[in-house]
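Next come the chains, spelled out residue by residue.
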Amino acid sequence: EAEVAQSPRYKITEKSQAVAFWCDPISGHATLYWYRQILGQGPELLVQFQDESVVDDSQLPKDRFSAERLKGVDSTLKIQPAELGDSAMYLCASSLGLAGPYEQYFGPGTRLTVT
Amino acid sequence: DQQVKQNSPSLSVQEGRISILNCDYTNSMFDYFLWYKKYPAEGPTFLISISSIKDKNEDGRFTVFLNKSAKHLSLHIVPSQPGDSAVYFCAASEGEGGSEKLVFGKGTKLTVNP
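Going line by line, the protein sequences match chains A and B.
This note's numbering numbers the first residue of the first sequence as 180 and each following residue consecutively.
This note's numbering numbers the first residue of the second sequence as 70 and each following residue consecutively.
Calculated directly from the structure, the hints in this document are not laboratory data.
Predicted model only: the values in this text are computed from it and were never measured.
C-beta: ideal position from N, C-alpha, C; glycine also.
A portion of the hints provided could be inaccurate.
[Claimed, not checked] Taking CB as the label site, the calculated pair distances span:
1) B/His145 <-> A/Leu263: 37 to 45 Å
2) B/Thr95 <-> A/Gln259: 15 to 23 Å
3) A/Asp242 <-> B/Pro183: 26 to 34 Å
4) A/Gln220 <-> B/Asn136: 19 to 27 Å
[To be verified] Stretch-level coverage of chain B by chain A, calculated; a stretch enters the list once three of its residues show a Cβ under 8 Å from a Cβ in chain A:
5) 114 to 122
6) 174 to 180
Model the full structure from these sequences, guided by the hints.
Here it is, written out as structure tokens:
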């Protein structure tokens, strides 16, 4: 069964350092999403791509976060510099496209701890 | 301001009985509603969805009910099984399907006791 792949699964970093997460969506899925889930909360959308284009990044803290999906396939989310409040689970999801209804399939997530 | 609210952080039921998980929303533009299940150390898994033009959708042991006038939906699991123990998230989108931006509730942790 096809799955969304994410790496690393766990990351511990010191504040002010740079950190990057990688996501490989299900093959053929045009839409890719990055969510952040703080402990005790539901996932919150950070950025949404349709192929290589950003559809929605209104909740992405652009002073320190960046995301790219250069070839419209896999994607990287970067934080520089990391802050203590960035400690969270970062989830990647993908779906077939925007003209739904297409469910979103989630990867296992990257657990980030900033010390 | 939370647009999707799950007011019960946890729920405990006996195996074989019905589990009812509730969700309220405030945004009248929401058109599509979904339930996701999440096990520890895994990403959320899609469970069931419902469009705003319907008031009920059923899939095996899982049924979702939508009351648009009350801005309320619920997930019924009958009969409940120990393997159903997980965190359940209610989510909503303004688009016609689940591929649009999802707004999630905080989740309800369901425990099904043998």
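>> I'd like to know which numbered hints this structure contradicts. Please list them from smallest to largest.
In response: 2 and 3
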